[in-house]
Amino acid sequence: MTQLASQQPATKAPFADLNLRLICQDCQDPVPNIVEDFAAGDLICGNCGLVLGNRIIDTRSEWRTFSNSDDNTDDPSRVGAAGDPLLGGMNHIDSTVISQRDGGSGAARDLSRVHGKATNQKSEKNLMTAFKEIQTMCERIGLSKLVSDSAKQMFKRAEDQKVLRGKPPVAIMAACIYIGCRENGNTRTFKEICALTKVSKKDIGRIYKVLQPLLDKPSQEISLDSYVIRFSSALDVGQDVIRATSEVLKRAQHLGTLAGKSPISIVAGCLYFVSCLSKDDEMKSARDIANVAGCTEATLKNAYKLLYDAREELGKDLRMAKELKALPVP
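So the sequence shown is numbered by the UniProt record's numbering: it starts at 1 and just counts up by one.
Incorrect hints may have been included.
[Said to hold, decoys possible] With beta-carbon atoms standing in for the labels, derived distance ranges:
1) Arg206 x Ala234: 25 to 31 angstroms
2) Lys202 x Asn126: 21 to 27 angstroms
3) Gln161 x Ile34: 56 to 62 angstroms
[To be verified] Straight-line C-alpha distance at most 30 angstroms; calculated DSS-like pairs for lysine-lysine:
4) Lys132 x Lys156
5) Lys145 x Lys191
6) Lys316 x Lys305
7) Lys217 x Lys198
8) Lys167 x Lys209
Note that these hints are calculated values from the structure, not bench results. Virtual Cβ for every residue (Gly too), placed ideally from N, Cα, C.
Please model the entire structure based on the sequences and the hints provided.
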């Protein structure tokens, strides 16, 4: 019987070492200590001092940063500021200026004109100007960066799709700021945006309707509780008034007492209703509440009249300083 030979694992052929190793000719150290002296442009052995190469190229940054002592916090190793994603990252790369020193031939002027058309610098400049205006207006009324960024994105989307060609830029900015507030749950009324931008409510509303189809998602509904908190903070009322106003507002919405009224007049009427039940030194007049809410005193009292007629249901167990009989008769 023939005996089969045992199978031995095949030995792997060694791979060729293609690494380029730089070692000192004198030391012959397998782990060389090579020092790069960029100031002198030499490559030196750190053990024996033999110069292994000269005129080496320094590939490091050409600038030095004194971040601890210099008030300027910009990194000089960066060429220009960071790109703005709202401008497509082209706001710094395409900002090359063609020199006018061409011996009077006019070639530099022609190159500058062609470069401006090719890079679309005019539209970029208009966008940057609009973004600065939006940022300034948002900061003026204390809006967050999220709101201003949302307004900028909406403005750029309208410019790209050219849905508002020929409309005043200020009116478009006003509508974009209002949309930014709605998208981020920051309640601002049309009247507040009108006072900020000096644009009529009619113009803002017209542009807002045109921009609505461009929204990624429907705008959030206006939260009346946020109006309560903002108006109460401006009037400097206590927590018991805020709590009771929110409760009266909830009951009025459930009963439909103020159905059809604007959100401002609803909140203002509820605030006045609860304020009349507060202590004498904490009461707020109808004029003060109307001024803070941005509505007329007559509008506030019309809403209060409807609340007064349903006072038994609305004012039950509010735990305020005064009873319902203290409410003034409208």
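Hints and how they fare:
no.: 1; hint: Arg206 x Ala234: 25 to 31 angstroms; result: holds (30 angstroms)
no.: 2; hint: Lys202 x Asn126: 21 to 27 angstroms; result: holds (25 angstroms)
no.: 3; hint: Gln161 x Ile34: 56 to 62 angstroms; result: holds (59 angstroms)
no.: 4; hint: Lys132 x Lys156; result: holds (13 angstroms)
no.: 5; hint: Lys145 x Lys191; result: holds (21 angstroms)
no.: 6; hint: Lys316 x Lys305; result: holds (17 angstroms)
no.: 7; hint: Lys217 x Lys198; result: holds (28 angstroms)
no.: 8; hint: Lys167 x Lys209; result: holds (14 angstroms)
Consistency note: the structure conflicts with none of the earlier hints.
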